[in-house]
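J.: Listed below, chain by chain, are the residues.
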Amino acid sequence: MLYFLLQHKGCSFALMNLNRVYHLICKEAALEWRNKSLLASMLIYVLGASFIVYYAFQGHIEFQVWSAIYWIIILFSAINILGKSFDKEVKFQYYYIRSVVPPLEMIISKLVYNAILVFIFEVIIFLEMTLFFGIEVENLPVFFLTLFLGGMGFSNLFTLFSTITARTGNVVLLSVLGFPVILPLLLLILRLTGLSDVEVLVDDRGLNIGAVAVLDMITLVLSVVLFPYLWNE
Amino acid sequence: MFEKLSKQVWWKIATAVLLFYTCIYGFIVKAPDLPILEESIRNLFFHVPMWFAMMFLMFLNLIFSIMYLANGTSRYDVYASNTAVAGFLMGCLGIVTGMIWAKVTWGAWWVFAEVKLNAAAAAILVYCAYFVLRSSFDDPELKSKFSAVYSIFAFVMFMVLINVIPRIAGSSLHPGNGGNPGFNSYDLDDNLRKVFYPAILGWIGIGFWISTQLIRISFIQRKLEDID
Numbered sequence: 000m001l002y003f004l005l006q007h008k009g010c011s012f013a014l015m016n017l018n019r020v021y022h023l024i025c026k027e028a029a030l031e032w033r034n035k036s037l038l039a040s041m042l043i044y045v046l047g048a049s050f051i052v053y054y055a056f057q058g059h060i061e062f063q064v065w066s067a068i069y070w071i072i073i074l075f076s077a078i079n080i081l082g083k084s085f086d087k088e089v090k091f092q093y094y095y096i097r098s099v100v101p102p103l104e105m106i107i108s109k110l111v112y113n114a115i116l117v118f119i120f121e122v123i124i125f126l127e128m129t130l131f132f133g134i135e136v137e138n139l140p141v142f143f144l145t146l147f148l149g150g151m152g153f154s155n156l157f158t159l160f161s162t163i164t165a166r167t168g169n170v171v172l173l174s175v176l177g178f179p180v181i182l183p184l185l186l187l188i189l190r191l192t193g194l195s196d197v198e199v200l201v202d203d204r205g206l207n208i209g210a211v212a213v214l215d216m217i218t219l220v221l222s223v224v225l226f227p228y229l230w231n232e
Numbered sequence: 000m001f002e003k004l005s006k007q008v009w010w011k012i013a014t015a016v017l018l019f020y021t022c023i024y025g026f027i028v029k030a031p032d033l034p035i036l037e038e039s040i041r042n043l044f045f046h047v048p049m050w051f052a053m054m055f056l057m058f059l060n061l062i063f064s065i066m067y068l069a070n071g072t073s074r075y076d077v078y079a080s081n082t083a084v085a086g087f088l089m090g091c092l093g094i095v096t097g098m099i100w101a102k103v104t105w106g107a108w109w110v111f112a113e114v115k116l117n118a119a120a121a122a123i124l125v126y127c128a129y130f131v132l133r134s135s136f137d138d139p140e141l142k143s144k145f146s147a148v149y150s151i152f153a154f155v156m157f158m159v160l161i162n163v164i165p166r167i168a169g170s171s172l173h174p175g176n177g178g179n180p181g182f183n184s185y186d187l188d189d190n191l192r193k194v195f196y197p198a199i200l201g202w203i204g205i206g207f208w209i210s211t212q213l214i215r216i217s218f219i220q221r222k223l224e225d226i227d
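From first to last, the protein sequence lines stand for chains A and B.
Just so you know, the first sequence maps onto residues 0 to 232 in numbering that gives the first Met the number 0.
Just so you know, the second sequence maps onto residues 0 to 227 in numbering that gives the first Met the number 0.
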């Protein structure tokens, strides 16, 4: 059914040019790097948020509370970072970009770029939060796998929804649409973060990693299939 | 097929008969003698089928959304939005009946330890966001297209919330989740089964009926506004 929807829009993976996708990602990174104000402001945002948490809890925190707050900070910064991901295209170069880039390459380059960006911010927040609170995670590989999968899921959902907000110009809409839909992913991720701190319950961990990975795959496929419908309006 | 079905009478009569049967015989039938549950087991004929009805209507919403994206006929968008309204109504009724049941058996209107309850509330929120999205567009075609895309996401997350998260979480008070026994432990009682299955059909039927009426109202409104 999904394949039919994709074919219906005249999009096919066979026509996809990976070289072009790579260049789109580079273009995105170059634009971001040239105008550092967004990156810098996000950095300050993240730093400020973790500092506020540090003061509010007076430097002492349990691992469970730590992980909950950690993911909430990530959620809010992800909304701020990803919510703008189609602003430039829609405002200034919509018809130009649409005529040179097929939608499939557009969305895949955006998804990859956003996933990397969110992952970098997750690592930065993690470093800050460990610096402030001195938290030691038992199993770092599982923790970083969680970070990677979580960042991917966030980018899959919010990138597609940011198309909607870019087209309507209503910024609040992104959180209204995004929060309920991200909730199952967030619940699974929180559980997985909790599990990465204990060395028992290895079976449970595999099940959770599998569930998060499947959810990521579903959101990825849906984003890729449905994007052409939002883009070629 | 949908138009034809919504004009036919037989299933409306069947729905009415089944619901009368559920509401009357459901209170007469002999309930099994279970501790804690006791007479509240009769809520099985209301609470559970309402969720089934919501799932059925939301599935219809998904199908119509996909058909809208494939065809671009605005008729399908009217179907999709109105089945979502009827499904939302059924979900709210399901939550209310569930709360009453929770008060009787678990001792509180709302229990945090219960994963499925919170997941269901989140699922209701997902569809609230769907209605917010629908109301925030001026351009009708843009509205239909974007809400169709969102409702596909919404259905997937609805299924994950209701059916996957409670099973993974491993600590649910609902039967069938987290090591609790499934329906079979109640259903073994043939008396209950005699009401439960007709009740499912009846509630799904009335949900569908409500959605067909809402669709008719929408079409009349569209005609008044000269859209069609």
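Since the hints were made in silico from the structure, they are not lab data.
For clarity, every value in this text was computed on a predicted model and none was experimentally measured.
Among the clues, some could well be false.
Residues from chain A that face chain B, not an exhaustive set, calculated with beta carbons under 10 Å [as the list claims (entries may be wrong)]: (1) 27; (2) 68; (3) 71; (4) 75; (5) 118; (6) 124; (7) 134; (8) 159; (9) 162; (10) 175; (11) 179; (12) 190; (13) 207; (14) 214; (15) 223.
Ideal Cβ positions, reconstructed from N, Cα and C, are used throughout, including at glycine.
J.: For each hint, tell me whether it holds in the structure or not.
T.: Evaluation of the provided hints:
For residue 27 of chain A, the suggested interface contact is broken, since its CB lies about 23 Å from the closest CB of chain B, more than 10 Å. Annotation: residue 68 of chain A was flagged as interfacial toward chain B, and the flag is violated, the nearest CB pair being 19 Å apart, outside 10 Å. Proximity of residue 71 of chain A to chain B is violated relative to the hint, the smallest CB-CB distance being about 16 Å (cut-off 10 Å). Look at residue 75 of chain A: its Cβ only gets to about 17 Å from chain B, farther than 10 Å, so that hint breaks.
Against a cut-off of 10 Å between C-beta atoms, the interface hint on residue 118 of chain A is violated, since the closest Cβ of chain B lies about 22 Å away. The interface hint given for residue 124 of chain A is violated, since its Cβ lies 25 Å from the closest Cβ of chain B, which is over the 10 Å cut-off. Checking residue 134 of chain A against chain B by beta carbon gives a least distance of about 24 Å; that is not within 10 Å, so the hint is violated. Using the Cβ-Cβ criterion of 10 Å, the hint placing residue 159 of chain A at the interface with chain B is satisfied: the shortest such distance is roughly 8 Å.
The restraint placing residue 162 of chain A at the interface with chain B holds, with a minimum CB-CB distance near 9 Å, inside the 10 Å limit. Given hint, residue 175 of chain A at the interface with chain B, holds; its Cβ is 5 Å from that chain's nearest Cβ, closer than 10 Å. Hint status for residue 179 of chain A relative to chain B: holds, with the closest Cβ pair at about 4 Å, below 10 Å. The restraint placing residue 190 of chain A at the interface with chain B holds, with a minimum CB-CB distance near 7 Å, inside the 10 Å limit.
At about 7 Å, the closest approach between the beta carbon of residue 207 of chain A and any beta carbon in chain B falls short of 10 Å, and the interface hint on this residue holds. For the restraint placing residue 214 of chain A at the interface with chain B, the shortest Cβ-Cβ distance is roughly 7 Å, inside the 10 Å limit, so the hint holds. The interface hint given for residue 223 of chain A is broken, as the beta carbon of that residue sits about 12 Å from the closest beta carbon of chain B, more than 10 Å.
Hints 1, 2, 3, 4, 5, 6, 7 and 15, counting from the list given before, are not met by this structure.
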